[in-house]
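The listed protein sequences derive, respectively, from chains A and B.
According to numbering that gives the first Met the number 0, the stretch in the first sequence is residues 0 to 271, in order.
According to numbering that gives the first Met the number 0, the stretch in the second sequence is residues 0 to 272, in order.
Bear in mind the hints are in silico, worked out from the structure with no lab data behind them.
Errors might be hidden in some of the hints.
[Claimed, not checked] Below, simulated DSBU-like cross-link-like pairs (lysine-lysine); rule was C-alpha separation at most 35 Å, straight line: (1) B:Lys157 x A:Lys105; (2) A:Lys70 x B:Lys157; (3) B:Lys157 x A:Lys18; (4) A:Lys105 x B:Lys252; (5) A:Lys109 x B:Lys252; (6) B:Lys157 x A:Lys109; (7) B:Lys157 x A:Lys16; (8) A:Lys59 x B:Lys157.
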Amino acid sequence: MASIELKNITKIFRDAKRKRDLLAIDDVSLSVEPNQFLCLLGSSGCGKSTLLNMIAGFEKPTGGSVTVGGKPVDGPGADRGMVFQQANLMPWLPVWENVAFHLRLKGWRKADRRAAAQEYIDMVGLQGFENHFPAELSGGMSQRVGIARALLLNPQVILMDEPFAALDAQTKMDMQEELVAIWQKQRCTIVFVTHSVDEALVLGTQVAVLTSRPGRVRELIDLDLPRPRDITGQQFNDHKRHILNLIREEGMQQRKEAKPDSMAASRQGAAA
Amino acid sequence: MTAIGKIWERFAWEKAVVPLVILVAWEAVSRSGLLPAALLPPPTVVLHAWGDWVFGFDETSQANSGRWFADALSSAMRVAAGYAIAAASGILLGIAIGWWRWVERTVEPTIQMLRPVPPVSWIPVAIIWFGIANKPAIFLVFLGAFFPILMNTIHGVKTADRNLIRAAAMMGATEQQLLRHVVFPAALPSIFAGLRIGIGAAWMLTVTAEMVAVKSGLGYVLWDSYYFLRYDLVLAAMASIGLLGYATDGLIKLLMSVALHWQHGSTLQSREG
Chain A
0 MASIELKNIT
10 KIFRDAKRKR
20 DLLAIDDVSL
30 SVEPNQFLCL
40 LGSSGCGKST
50 LLNMIAGFEK
60 PTGGSVTVGG
70 KPVDGPGADR
80 GMVFQQANLM
90 PWLPVWENVA
100 FHLRLKGWRK
110 ADRRAAAQEY
120 IDMVGLQGFE
130 NHFPAELSGG
140 MSQRVGIARA
150 LLLNPQVILM
160 DEPFAALDAQ
170 TKMDMQEELV
180 AIWQKQRCTI
190 VFVTHSVDEA
200 LVLGTQVAVL
210 TSRPGRVREL
220 IDLDLPRPRD
230 ITGQQFNDHK
240 RHILNLIREE
250 GMQQRKEAKP
260 DSMAASRQGA
270 AA
Chain B
0 MTAIGKIWER
10 FAWEKAVVPL
20 VILVAWEAVS
30 RSGLLPAALL
40 PPPTVVLHAW
50 GDWVFGFDET
60 SQANSGRWFA
70 DALSSAMRVA
80 AGYAIAAASG
90 ILLGIAIGWW
100 RWVERTVEPT
110 IQMLRPVPPV
120 SWIPVAIIWF
130 GIANKPAIFL
140 VFLGAFFPIL
150 MNTIHGVKTA
160 DRNLIRAAAM
170 MGATEQQLLR
180 HVVFPAALPS
190 IFAGLRIGIG
200 AAWMLTVTAE
210 MVAVKSGLGY
220 VLWDSYYFLR
230 YDLVLAAMAS
240 IGLLGYATDG
250 LIKLLMSVAL
260 HWQHGSTLQS
270 REG
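Working from the sequences, and respecting the hints, build out all of it.
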């Protein structure tokens, strides 16, 4: 049984200002087996975050269905953990309270929450920062707290929306390594949105290359590279070349199609 | 450094500079005979009358001699009662208006129409509704403090970070839990801004209320002394209200620094405490 199933998803955004409908996602079907690590790879505006938000339950598809663990998604919930681009920590709570926020909602006693949080704080390597407040943390540390918070839900599915995009190169590499280790240990399913080809190839067991406007799955690539992944190796570079070619073709085609329209738009802009 | 020097240092002398300059200048003008001494009594005379009002040593303040604590207490109780009602209702209603669009649509226009009506203009109705006692005074204090607390709470709720609400929803928070665990703490800095404006407004309204509706309190003494041309007592009453207002504001600031300790180091405000 597939852990996550997207069937014939379409999404139309209504552009109220211009009285026009915009087809953002066109007939996307994806199924993610348990314990897979799927990377949704695409440029900005291709609808990859929208797809993730549909799995999270923040947005509803215009057509098609989303199921997680066989159940249709009808809103956000604790059966799926989400890590956002910004860590989104409660600034008034110390690190350990943020990690154990879910247990606070469930009405656990303070001592129990504190004890439960520690396991996940250790897992993401934040020992010694339990009582720090988010304002006192670096970007990388904040994201670790966000990951620990998602892990504490012990979800079968973790959704990640470019969680490392705002980090410096070194921190990003460390975090990617740790994420893979956690994923191997927890045996959960991860859907990871990124615009970085390298990141997708370092992390994923599968990479879905998405096209832009409307968003479609251009190609679903299975990666059976050994871990840790050698980013200078032959196989890695073959995949990278292939994906970059796909993206380039896509870009050229789009420019060709977009040209008359965009020229008209720029003329309008000049007239205004 | 001498012991006195240390105390001087400790009490942050810069706070005392402006009041001292004003007092000295006032004493000088007053003693120069520019105005009749009865109409502009010098600070020393005011202090004398004030001292008698507080401690009752020579009855300079006549019937008020030794009654300051009772007067201050009855004013403070009115402020406390009106302020507490204003804080509780302002915060609750503010959260409701900020969170639910239908509450905003149904309630806010009425509130915005009531807001510009000066609290003083409520005095006639307040007396008809509540009679002549503490109640109309408490009602006026409530009116003064309610609107700033309400407006700031609404603002705090509306500017709460949407992403935090999404994060909590993803962890299974119900609407009630979102309000309690995310929206309320997120709005707290704004709520405290409202509480601080509100406490000032509350003290401002006591005098107005006590002038007409009751026969005790600092405001009553102030107005009563004016009828008897006791400007020394008028000024002493003004200073008393100023001091008590300053003290209660300090109390709220203290509460704020405890409740918002998580802001430590991340805002300009947090440098203060």
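*Can you list which hints this structure breaks, lowest number first?*
As far as the earlier hints go, not one is violated by this structure.
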